[in-house]
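Residue numbers (my numbering), protein chains in the order written: chain H, 1 to 197; chain D, 1001 to 1217.
Note that these hints are calculated values from the structure, not bench results.
Subject to a maximum C-alpha distance of 20 Å in a straight line, what follows is the list of computed SDA-like cross-link-like pairs (lysine to any residue):
1. H:Lys71 / D:Tyr1176
2. D:Lys1053 / H:Asp184
3. D:Lys1004 / H:Phe66
4. D:Lys1004 / H:Val64
5. D:Lys1018 / D:Val1194
6. D:Lys1082 / H:Tyr158
7. D:Lys1082 / H:Gln162
8. H:Lys71 / D:His1178
9. D:Lys1053 / H:Arg192
10. D:Lys1082 / H:Met163
11. D:Lys1053 / H:Asn188
12. H:Lys38 / H:Ile28
13. D:Lys1004 / H:Phe65
14. D:Lys1053 / H:Arg189
15. D:Lys1011 / D:Pro1187
16. D:Lys1018 / D:Gly1161
17. D:Lys1082 / H:Arg164
18. D:Lys1082 / D:Ser1032
19. D:Lys1004 / H:Gly67
20. D:Lys1053 / H:Leu185
Since the model is a prediction, treat every value here as computed from it, not as a measurement.
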Amino acid sequence: MYEFFQRALVHLMISVAGVLLAAVVGVIVGIVLTRVQKVAGPVIAAIEVLQTIPSLAMLSILLVFFGLGNKTAVVAIFFYSLLPIVRNTYTGILALEPSLLEAGRGMGMSSLQMLFWVELPNAIPVIVSGLRISLITAYGIVTIAVLVGGGGLGRYVYRGIQMRSMGMMLTGAIPICLMAWSTDLLLNRLERKLLRR
Amino acid sequence: MMSKFLTTLQKDWPLLLKAFWDHVQITFFSVSLGVLIAVPLGIALTRTPRLAKRVMAVLGVLQTVPSMVMFGLLMPLTGIGKPTAVVVLTLYSILPILRNTYTGITEVSDGYIEAATGMGMNSLQILFQVELPLALPVIVTGIRLSSVYIISWATVAAIIGGGGLGDLIYTGLDRYNHAIVLMGAIPASLLAIVTSFLIGRLAQCATPRGLRRERHV
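Isolated chain H, as found in the complex (with noise of 0.2 Å):
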């Protein structure tokens, strides 16, 4: 029982982690983008490349960088997390009205004001749709980062499927897909509060 807990929080953990750190730098790098639009275009592209690989293969060749454990996991979840964090920070601030940013200016805002007070809170809806979309790509990450060392409930689900036993199959697979519904729940509650003010 302890073990379960353990390896739950665990598979929680490295996932808010890769996607904390990919918001941190996402974010930042989608409010760049925004200020010099001539490069959104290739960068966006080029993290867009990173995405493709596939999930197997991107931790697998991290694995020959990171070495066998969680932290491999942390960094796949980081580049897979990039592509809908920058680009919905970037694309929610540009589908901003004009005329708040008229509004705004007029009431003799700097552009650090700007930014801070109308570009992201108006962009923080679409952002949480980004950060929504990499939790429930992370936790199926972690799962397969059991086969490069990683913790997790992933555990369970690999041994089940070795050892042909349902029962500790489900043991990991039942906590993942709850933790990935609610997950979805949640922010897309959060996502339409934010919207509504």
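Using the hints provided, position chain D relative to the given structure of chain H.
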């Protein structure tokens, strides 16, 4: 490291070739089957909007299930080996294609449909001459997403004996031999990137000439 990789590549390239070919075949089979099932289904759903909403919700939930979990869940039903892999992968390839077929057709603006109705087209003619051509780029994008996912999932399918490039990764991890791991991982990545690029091009060609615009992010 690099030299070890190259010598392994030199020695085992027939193995790589076979795995690569297997991977391409599995992907092609699953995605083709997926298209055959998902496109008609997607069209049918556009005629029953109320049912469609529910089906889309269920599909959305299914899509959050991690690949390894899906293989584990379906293994008792389908056994192990290549057929299982193809069954699971086909099931999964349906999701993006179905979703894009449905949204592609429902997003065709009413003006076109009205114009076509005004010209005296019947609903089959509207489907084949108006709705499908306009929805085609979106459908092809769904096929692209699907293919990329399936190439990825097919590597994971190695754990249930699906073969392909995942087999090399898996063997390499088992023996703690980085060279073999990379021999599976790098071609798998390239396969996904090239496939995505090519089908992306196809989607551009599928866009009716009057609607082509600069590619937006």
